[in-house]
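Asks: Residue strings, one per chain:
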Amino acid sequence: MTIGATTSERTAAVERSGFLSKRRVWIVLVRVAFVGGFFLLWEIASQRWIDAFLISSPSRILTSMIAGFRSGELIQHCWVTLQEIAIGFPAGVILGIGLGYAFGRSRLLAEVFEPIIIALNGIPRTALAPLFIVWLGIGIWSKVGVVFLLTFFLNFFNTYAGMRQLDQEYVDLARLMGARGWKLTFRVILPAISPYVFTGIRTSIPFAVIGAIVGEFVAATEGVGFFIRQAAGLFRTADVFVGIIVLMLMVIAIDKVAELIERRALRWQSTSEHVRIQG
Amino acid sequence: MEPTGHGARSRDELVIRIEGVTKAFQTPDRGRLTTLDNISLNVPYGQFITIVGPSGCGKSTLLKLIAGLTPTSGGRILYQGAEVRDLNTKVGYVPQESKLFPWLTLEENVAFGLDSKRYSREERERQLKYFIALAGLAGFENYYPSQLSGGMSKRASIIRALAYEPPVILMDEPFGPLDAQTRMVLQDELLKIWEQKRQTILFVTHDLVEAVALADRVVVMTHRPAHIMDVIDVPMKRPRNIFAIHRQEGFDEAYTRLWDIFRHELHIKTQ
Numbered sequence: 001m002t003i004g005a006t007t008s009e010r011t012a013a014v015e016r017s018g019f020l021s022k023r024r025v026w027i028v029l030v031r032v033a034f035v036g037g038f039f040l041l042w043e044i045a046s047q048r049w050i051d052a053f054l055i056s057s058p059s060r061i062l063t064s065m066i067a068g069f070r071s072g073e074l075i076q077h078c079w080v081t082l083q084e085i086a087i088g089f090p091a092g093v094i095l096g097i098g099l100g101y102a103f104g105r106s107r108l109l110a111e112v113f114e115p116i117i118i119a120l121n122g123i124p125r126t127a128l129a130p131l132f133i134v135w136l137g138i139g140i141w142s143k144v145g146v147v148f149l150l151t152f153f154l155n156f157f158n159t160y161a162g163m164r165q166l167d168q169e170y171v172d173l174a175r176l177m178g179a180r181g182w183k184l185t186f187r188v189i190l191p192a193i194s195p196y197v198f199t200g201i202r203t204s205i206p207f208a209v210i211g212a213i214v215g216e217f218v219a220a221t222e223g224v225g226f227f228i229r230q231a232a233g234l235f236r237t238a239d240v241f242v243g244i245i246v247l248m249l250m251v252i253a254i255d256k257v258a259e260l261i262e263r264r265a266l267r268w269q270s271t272s273e274h275v276r277i278q279g
Numbered sequence: 001m002e003p004t005g006h007g008a009r010s011r012d013e014l015v016i017r018i019e020g021v022t023k024a025f026q027t028p029d030r031g032r033l034t035t036l037d038n039i040s041l042n043v044p045y046g047q048f049i050t051i052v053g054p055s056g057c058g059k060s061t062l063l064k065l066i067a068g069l070t071p072t073s074g075g076r077i078l079y080q081g082a083e084v085r086d087l088n089t090k091v092g093y094v095p096q097e098s099k100l101f102p103w104l105t106l107e108e109n110v111a112f113g114l115d116s117k118r119y120s121r122e123e124r125e126r127q128l129k130y131f132i133a134l135a136g137l138a139g140f141e142n143y144y145p146s147q148l149s150g151g152m153s154k155r156a157s158i159i160r161a162l163a164y165e166p167p168v169i170l171m172d173e174p175f176g177p178l179d180a181q182t183r184m185v186l187q188d189e190l191l192k193i194w195e196q197k198r199q200t201i202l203f204v205t206h207d208l209v210e211a212v213a214l215a216d217r218v219v220v221m222t223h224r225p226a227h228i229m230d231v232i233d234v235p236m237k238r239p240r241n242i243f244a245i246h247r248q249e250g251f252d253e254a255y256t257r258l259w260d261i262f263r264h265e266l267h268i269k270t271q
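Chain order of the listed sequences is G and H.
Taken in order, the first sequence gives residues 1 to 279; the numbers are from our numbering.
Taken in order, the second sequence gives residues 1 to 271; the numbers are from our numbering.
Simulated from the structure, these hints should not be mistaken for laboratory data.
Calculated lysine to any residue pairs in the SDA-like style (CA-CA distance at most 25 Å, straight line):
(1) H:Lys99 with H:Ala138
(2) H:Lys99 with G:Arg105
(3) H:Lys64 with G:Arg175
(4) H:Lys99 with G:Leu166
(5) H:Lys64 with G:Asp167
(6) H:Lys192 with H:Glu13
(7) H:Lys64 with G:Ser106
(8) G:Lys183 with H:Lys64
(9) H:Lys117 with G:Arg175
Listed next, the stretches of chain H that the computed footprint assigns to chain G, with coverage defined by at least 3 CB atoms under 8 Å from CB atoms of chain G:
(10) 109-115
(11) 144-158
As the structure is a computational prediction, the values presented were derived from the model and not from experiment.
All C-beta atoms, glycine included, are put in the ideal place defined by N, C-alpha and C.
Make the full structure from the sequences, and use the hints.
Replies: As structure tokens, this is what we get:
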């Protein structure tokens, strides 16, 4: 009595794949040409039109970067900044998601504390960095604090937004099928809001790095932020750019890791194609 | 746990008793909107009951009350003799849209209700295999809902509710948004699946043909505030042939009675 799925259903169910490889090659080529052209223009500009003292040049930056890494100085600064992020960022993510989830679960909690959280969010948090230095000292913990603050709110708001968008029917169904406690949270609610959660995590990555750098700008003896400020103070423009590029790479690297995790966690989502608005 | 084979039970033993149930909602302008008005209904084990009525009359609300998802405003509902006060985890629910959990594979969806405390690993496997094959979904176990067609999702949604063997399945217009052909195929499959175990089914629909074709009894509800206007017995034999339902003995009689009721309700005059 089994009724087999029809062929059309099978075809419909097969994943859409087969991207246009020729097109992909073109996209990469154009991209490389664009970036390469920019650096070339920069190099020429530094020799002919603008004083290299102000804008440095790609070749100078590369030389400085190699020298920095060779001497181990830059690695040490990166290590310090990474440590600050490695502690403050996960803490902010986890507590942000946790509180956002709790707000979504408890109406009372949300009603009482929502205005307070919004008020706190109104504080320009980087302005708190000097205070954190006073409280937590000149070492890494004051920067961890700033990273945490910047990360926390973004994750909190995104998770809470997800909780408010949560489809009641999924929860009802799961509960009717006997899901409670752990199973309801980790098998239903968190997966249901995970697109929001990941948006929170990924938008907060650059802010975590900003937090660390701002903290290091205010007062520090090590870290990439310190390195940049020191270089600027000595008018070593190339080193300033080295610091900026290192930070950019840091953000990209962390984001890649997050993207990888997101891809795995959200592999159930249908691959969204580019929305076509005209024809 | 509840026994699931109903062979030992007499045909008339009741699984649900709805006694004078009323449901009212608060409207945004602080008024009261009564959707269900003094509803009483007895549901014996193993019956296939369809509930028809105009849209928005509170058919779905009645199912929600039985599932304990929302409290009654008056009266009471007895489920296996006990009053429903809280979530009723002894019913299966098939919502209007399939509502498979999109983050779980088809197999994980169907397995969701198979509690490890109730089902051993082997039983679980057996149960999954049986129902997935029954719904013609073998080979698609590891597909995510976004990769399934509408009909496949619907079938998966139905076997998800059946797999953990609740004595009663509540179905809220499950075939509503489907095209006519898919609809008939699924009605046919639903009846075939149902013939295997004969669970009690409460099936909400606004399609009169569907209501008669599937049911042992058709419950007719009125406009808001809804009450039960009539309960029609469908004298058709089983197993039924959905694709030739009009020619089956008893269909005309039940359908004509049903249509008469609606005609009066809608004030349609016949020539």
